[in-house]
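These protein sequences, in sequence, are chains U, Y and S.
When the letters of the first sequence are read in order and numbered with my numbering, they come out as residues 1 to 292.
When the letters of the second sequence are read in order and numbered with my numbering, they come out as residues 1001 to 1463.
When the letters of the third sequence are read in order and numbered with my numbering, they come out as residues 2001 to 2292.
If you are wondering where the hints come from, they were derived from the structure by calculation, not from laboratory data.
Idealized CB from N, CA, C, for every residue including glycine.
Treat the hints loosely; a few may be bogus.
[As the list claims (entries may be wrong)] Rough simulated footprint, nothing fancy, chain U against chain Y, three-plus residues with beta-carbon under 8 angstroms:
id	segment
1	1112 to 1126
2	1144 to 1158
3	1251 to 1260
4	1424 to 1436
[Unchecked claim] Only pairs whose alpha carbons sit at most 20 angstroms apart, straight line, appear in this in silico EDC-like list of lysine to aspartate or glutamate:
id	chain 1	residue 1	chain 2	residue 2
5	Y	Lys1101	S	Asp2235
6	Y	Lys1411	Y	Asp1243
7	Y	Lys1449	U	Glu66
8	Y	Lys1067	S	Asp2235
9	Y	Lys1161	Y	Asp1179
10	Y	Lys1449	U	Asp196
11	Y	Lys1067	S	Glu2181
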Amino acid sequence: MAGPSHRLLIAGYLAPALLLLAVFVVAPVLGAIGLSLTNETLTGPDALAPRFVGLTNYGRLLADSEFYASFLRSGAFVFFSALVGQFVLGLLAALLLARPLLRGKGLFGGAILLPLVVPETVASLAWASMLAPAEFGTVNRMIGGAGFAPIAWLQAYPLQSIIVINIWRGIAFAMILFQAALEGIPRELAEAAQVDGASAWQQLRLITLPLLRGAIVLYMLLTTIATFGVFGLIYFLTQGGPGKATSVMSIYIYNHAFNFFEIGLGSAASVMMLAVVLVIGLVYVRLLRAEI
Amino acid sequence: MRASKRWLAMALTTGLVAGACSSGASPTPNSAASQGAASAPATASAASAPVTLTLLEHQQLRADVLKKLLPQFEAAMAAQGKNIKVNLVLDILPDAQFQTKLTLDYSAGNAADVTSDVGGVVPGFAAAGYLLDLTSRVTAWPDWQHFYQVIRNQTTQADGKIYSLPRGANTMELFYRTDVLQKYGISTAQPTSWADLISRMVALKAKMGTPPILYPAGTAWGGGSMDEGFLHVFLGTGGQLYDNATGKWVVKSTALTDAFGFYATLTNDGLLPVQALQNPNPWQPTKYVAFPAGTLAVTTQGTWGWTYDWGPTGSAPIPNLFSKVATWEFPAQSGSPFVSVPVDWMWMISAKTQHPDEAFALAQWLDTGQALANDIVAVGNASPRDDIQNIAPYSQDQYLIDAEKQLSTGKTFLPQVGYDKIQQAVGQATEDIISGTMTGAQAAAEFTKMATDLLGADKVEQQ
Amino acid sequence: MSAVRAAVQGNRGSEPRARGGRRLGTSLAYLTLAIIGIFCLIPFSWPILASLDPQAGPYLAVPTQWSLANFGRLLSDPTWLRLLLNSMILSGGATIVALATSVLGGYALSRFAFRGRRVLLFGILFTRIIPASATIAPLYFIVLRLGLANTYHGVILVEAAQQLPLTLWMMKGFFDTVPRELEEAAWIDGADRLGSAIRIVLPLAMPGVGAAALFAFIAVWGDFLTPLILLQSPDLFPISIGLFRAYIGYNLVDWGELAATSILYMLPAIAFYLLVRRYLLRATVVGALQGT
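Please take these sequences and the hints and turn them into a complete structure.
Structure (structure tokens):
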């Protein structure tokens, strides 16, 4: 059965999918490495005849304080929105929705899910009206009712604003993952604990959370990778501004590649970002391998 | 038998995939067709196979006038026995987004036959091989001698060739709100120097409370920070930005340091709307909101301000515009004030066009007589040529004709290859000033470093 | 709310001592979930109200008169209809390509034992972690060199490839659940391998195919970055780009139409949620475990 023709058959089945992946997913990674060593651009004489420039682009990146700054912004964005905000609210929602006898689970679950399933441009547009400056913005109206002066949120608190927006968008991702994990925890354990007189907090701390540890680690890795890549939400609302306040890695890369057409430098930044994601990804695949 | 069945299976599966691809792809215009297929191309007429040209436009006012003009062009060509159709492709976008789009268009080989954009992009596009060389056609065109010398200079690239035709001309000056200055008792006389302008603005700021003057700066304004801001400061220093003798950019000079210092002074004295400048689309809160409201009193502006920005059909109309707004020439660091003659929009023809002669005929026609008069009046441009002052509607807009008369005496800068990098470095260096992170001298040093990195050490020099 | 509380109380009855604490706990649970739910829903108030307001502006306002005029205008506006059609072509096309290739590939990964299968599986999974925003510049160059820039099929192939890691793994998982014996019985009856796969296995895996298709469709439907870079002709743009362009226009924005568009644009996403709600927990987690 395992003759050459059999191998050919397997190859035939797999070829279309692997070809697509190779050309449009893997090749761009190799392409990023290649381009990062050139002065490729889209305008001017170098567009006609790009040259190999060695590690010049990396040298420029490492000398560019804005590169470090955008990296730090990405870090803050990932940490506060995904690792803290989405995690806490998502876990909370999952735990509460796991309570027996609770009514309206579908309703609550659906409401929390909505921000995740709508297209990111709709999410951005919805928040544009929320955070609109002067007294007309929805948030300003709410705080105005409490006597506060209106705030131009995207100007005064730009990074904080997009962090809140990203929390809003991603609560459901954490919630779904933890709901699935909670389903795997035998109910008897909780009941036994209750009989032993454990408080709700003790149950959570001593039983539920330790059992969720695998799911939490998995969530942290997945969300870190996904949140590093967020582009549309930020680009739509601020284009990285004001100044560079919301210029995270993805915006930095976009601006250099498609605003200034420094494809070489943008690619070098891409390679750096990929290296970070690669390390996180390796940890993740390793953990997953252990579990499967 | 078995093996043949496997082959059949593979053939089937391959077919399945190919089928899926082509079913998704069937309504796809290929790259050649997409040039002619913005909407359904006109069907072939009986007389002769029509030549279909595409023309890309990204500003609504300009598109509106082109919609009226293009049928006239088609009729004019038909009268000469040429069957030419023009497909107007509209992509209404802010300038920065449009430049990204246009550059991607050209690099993908998908560009429209005829496009127009700010003239600053021409050197880079020409050097990248995107634009059709028009030299022989333009120099053989008798009308070319009617174009002002400064315009002809601006159109000629460093290699001595011509890759574009002017779409208009304009002068830039400081536009100010007469009513606002009078209300606060500030002199409306022509400021004689930077120092004079600054002291007047300091006095105005004390009374108005809001930053009174706008010189575009920062990264959010894109190329405009150079074209509409820094360049007119720099021209007031008498310095040299491009060394024609060596063909290199001058990235360090006293003049540059002084020009960045001017921005630093405006920033430190609270005269610039720095918060608005750091936001996306900074022209909106400033030119479109604050200036019409009178909370911004002075701004750099080209002739198009009378129409495109504040005219009755403009982005932010100012009622009784001519009684409320007047102009000053740009004050210099020392020496006489001057009018600036920036490079205006240019018509460009794609090097990949299938119909170079027809495309050139279109650009030529749009640059002639009635068509030119309509096109420039629509956005508030002066005429780049000296022989249409009596053609309506241009003849009715005296302020445009006045601007035209200043073309020959104003100061100008001819963009060269690498201008986009200079724009980028100016954007960053002025950003560092308005964000309060750098002094003028530090920003000048940042400019030197960044421009050197971007252009390459062999393309720059220091004075 | 009081009705809900009454219903909850009606379900109780045992253990009078724990009742007070439990009721407090339940009330707190409802309160917390309500706060999270409201936080998730409030941003949608502008798009919903503005879409029904013939005088809609960029800010939240209760319409003085309610009307569907915005939707009417939208559905008679060739520009927006074109955007809608393009979104359908791109999402539909990419879904078909992704599904066709991953049904084949997933079948091979599920049914055939071959050397390197495990490495391949994890390799495919690993490609999922590459953020699209990091490789967009080299991707543009690849698409450009292949002559696919600014075409439907270019975007369709790229989007399909980006969905493949997820759909391949989902399909493999679903084929794994179909017993081998069913197929083998058919071979004995003389059916060939592909024929039996199509007639016997595929129908059984159909719910999985449907779920994978929905995930792919919704992901492509909402994508912003890929068409932003790969498409330049307005007549090829999907809605995500149309919304962004409409939003950044000054004084040209028809807010009512924009809001109506975003409502229409998010409807498929909501329909998607309603359709796969049953599978969502499982399927999303399958997806998540494999790198959403």
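List, from low to high, the hint numbers that the structure doesn't satisfy. 2, 3, 9, 10, 11
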